[in-house]
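Trainee: Line by line, the protein sequences give chains A and B. Going letter by letter, the first sequence gives residues 178 to 434 in this note's numbering. Going letter by letter, the second sequence gives residues 20 to 335 in this note's numbering.
I should point out that these hints are in silico values taken from the structure, not numbers from a laboratory. Quick caveat: nothing in here was measured; it's all calculated off a predicted structure. Hints should not be assumed to be uniformly reliable.
As the list claims (entries may be wrong) - When the alpha-carbon atoms are kept at most 35 Å apart in a straight line, the in silico DSBU-like pairs for lysine-lysine are as follows:
# : chain 1 : residue 1 : chain 2 : residue 2
1 : B       : Lys312    : A       : Lys434
2 : A       : Lys424    : B       : Lys122
3 : B       : Lys48     : A       : Lys434
4 : B       : Lys303    : B       : Lys289
Claimed, not checked - To give a feel for the contact side, a few chain A residues facing chain B, derived at Cβ under 7 Å:
#  : residue
5  : Gly186
6  : Thr189
7  : Leu191
8  : Asp232
9  : Glu272
10 : Thr430
11 : Lys434
All residues carry an ideal CB built from backbone N, CA and C; glycine is no exception.
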Amino acid sequence: MNARYNWVGLQTILIREIRRFLRIWPQTILPAAITMTLYFIIFGNLIGRRIGEMDGFSYIEYITPGIIMMSIINNAYSNVASSFYSAKFQSHIEELLIAPLSNSFILIGYLAGGVTRGLLVGIIVTIISLFFTDIHIAHPVITVSIILLSAILFALGGFINALYANSFDQISIVPTFILTPLTYLGGVFYSISLLPEIGQTASHFNPLFYLVNGFRYGMLGTSDVSPTTAFIIIVGCIIGLSLFALKLLKNGTGLRK
Amino acid sequence: MYHASLSMNTALSIKNLQKTYSNGFHALKGIDLEIEQGDFFALLGPNGAGKSTTIGVIADLVTRTSGDVHVFGVNSATAVNEAKRHIGLVPQEFNFNGFEKIKHILITQAGYYGIPSAQAEPHADRLLKQLGLWEKRDNIARTLSGGMKRRLMIARALVHQPQLLILDEPTAGVDIELRRSMWEFLQQLNADGTTIILTTHYLEEAESLCRNIAIIDQGKIIENTDMKSLLSRLGHQTFILYLAEPIDGCPQIDAPCELIDHTTLEVSLKSSEHLTPLFTELSKQGITVASMKNKANRLEELFLTLVEPTVHGANS
Chain A
178 MNARYNWVGL QTILIREIRR FLRIWPQTIL PAAITMTLYF IIFGNLIGRR
228 IGEMDGFSYI EYITPGIIMM SIINNAYSNV ASSFYSAKFQ SHIEELLIAP
278 LSNSFILIGY LAGGVTRGLL VGIIVTIISL FFTDIHIAHP VITVSIILLS
328 AILFALGGFI NALYANSFDQ ISIVPTFILT PLTYLGGVFY SISLLPEIGQ
378 TASHFNPLFY LVNGFRYGML GTSDVSPTTA FIIIVGCIIG LSLFALKLLK
428 NGTGLRK
Chain B
20 MYHASLSMNT ALSIKNLQKT YSNGFHALKG IDLEIEQGDF FALLGPNGAG
70 KSTTIGVIAD LVTRTSGDVH VFGVNSATAV NEAKRHIGLV PQEFNFNGFE
120 KIKHILITQA GYYGIPSAQA EPHADRLLKQ LGLWEKRDNI ARTLSGGMKR
170 RLMIARALVH QPQLLILDEP TAGVDIELRR SMWEFLQQLN ADGTTIILTT
220 HYLEEAESLC RNIAIIDQGK IIENTDMKSL LSRLGHQTFI LYLAEPIDGC
270 PQIDAPCELI DHTTLEVSLK SSEHLTPLFT ELSKQGITVA SMKNKANRLE
320 ELFLTLVEPT VHGANS
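Isolated chain A (complex conformation):
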């Protein structure tokens, strides 16, 4: 009986989240499409032609998986962070807190909302990329798995950020000062073989490196890291952050007085 109640609750959160990001599509969908189009034009087309090949692929082919991945994880993260924090800020999170819904289903509902937006934006960016390059998917199962796991991982990050945040500034600090630098340094636009040895070693401590390279392996069949390692790192991070988020929810951190 409880499982059925929780399942309806989860569906309700997901529907509400989808309705929210579609209602404000100029803020949630359009910016990613415009920004990524500019990446394809400037880095892929104009500058990329002068760079030549990277790991046996044209530069635009090489960076396309990274750009798609960047748009997915950014949107999965920011959807959960801004939606959950807004609910806290406007106090309508209380609608959920007073309801007989288990914490794990609240968490999954928000993650599902973030993943859905990430995937929608990812599909749009993939369609845009087709105007600039051909897309080959070397390993479809790995590609889809890495996309889903990466979106879940970053939606989790957004959720934890929103739980701790006490202002809108605090939900933009993490994407601006942590997420964006790690994404760029994670090998979206280059192979780490171009870096000096110390840079290559440092890249292995960047979780984004495994996401970008795991996805690149799925699409191009080439990567700076083995897909098994990428899976282990991503799944490990998801398990760790999920347990942490549930612990915060149980304690009422940032939610209950």
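Starting from the known structure of chain A, fit chain B onto it as the hints suggest.
Mentor: Positioned in the frame of chain A, the structure of chain B alone reads:
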């Protein structure tokens, strides 16, 4: 989960509820309260007395420091979701998403309680009609007037058909006409079997609606009784008499009186005294009473009597 020793008729039982906030403020200092099923119960107290904290603990918005809360026999510490299923909450502050449509707010809230939208819609529609929001169902919530927002929160609290409705100052900022219509709605709801707990600053509201009352002050229950007993303790009633003809001074009667203006007289009678001798005496003196009313608000006088000593004590 279920507490067998509690009466089957007990809607809410609170035992030794304590709450100390992280800043050290001891908001609740051992609240004990028992509310029977079907009651219309007033929880009164000055600002900061602990009313909203108590409600917050019952609704799981505030974590308790210690103490027991049972809702219809279900322990809210060990079976919190089962306990929450019985409760509908109308909070003091507007806490809905102002950018959502009204019908979506209700259907979403029902979904959080595990009610699929197809099942929730008929009841949500009925509530919107009863509360005069039907025409606005497709409007964005933030475009509603203050009174409509209050009614939206009542509709939202009832969408899962709770057995216990808790209203934290539901008529704050609502005009008199609308307040009266909300009273009628709540009275009908109570008559249909819903237990209601009401906190309000309008003591006239508590006096008109509630059968039992608890007064909370500085985190403690300082009075818990039925409304009639409490009012009977007042010892006197004050009446405002509107005179047919103007007079120049207080008439000679056996009761304290004050001439408010030339045609308005305020008379205070003991609870045991009847009105007939007063009217007879006034008539003998050639004074005709055109109309009269009971001076509001009797409960207010009692409230101040009960609460003031502790407030003064705290200030001293």
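Trainee: Evaluate each hint against the coordinates.
Mentor: Here is how each hint holds up against the structure:
no.: 1; hint: B:Lys312 / A:Lys434; result: 45 Å, violated
no.: 2; hint: A:Lys424 / B:Lys122; result: 33 Å, holds
no.: 3; hint: B:Lys48 / A:Lys434; result: 17 Å, holds
no.: 4; hint: B:Lys303 / B:Lys289; result: 21 Å, holds
no.: 5; hint: Gly186; result: 5 Å, holds
no.: 6; hint: Thr189; result: 3 Å, holds
no.: 7; hint: Leu191; result: 10 Å, violated
no.: 8; hint: Asp232; result: 46 Å, violated
no.: 9; hint: Glu272; result: 6 Å, holds
no.: 10; hint: Thr430; result: 11 Å, violated
no.: 11; hint: Lys434; result: 5 Å, holds
Violated hints, listed in ascending order, are 1, 7, 8 and 10; each of the other numbered hints is respected by the structure.
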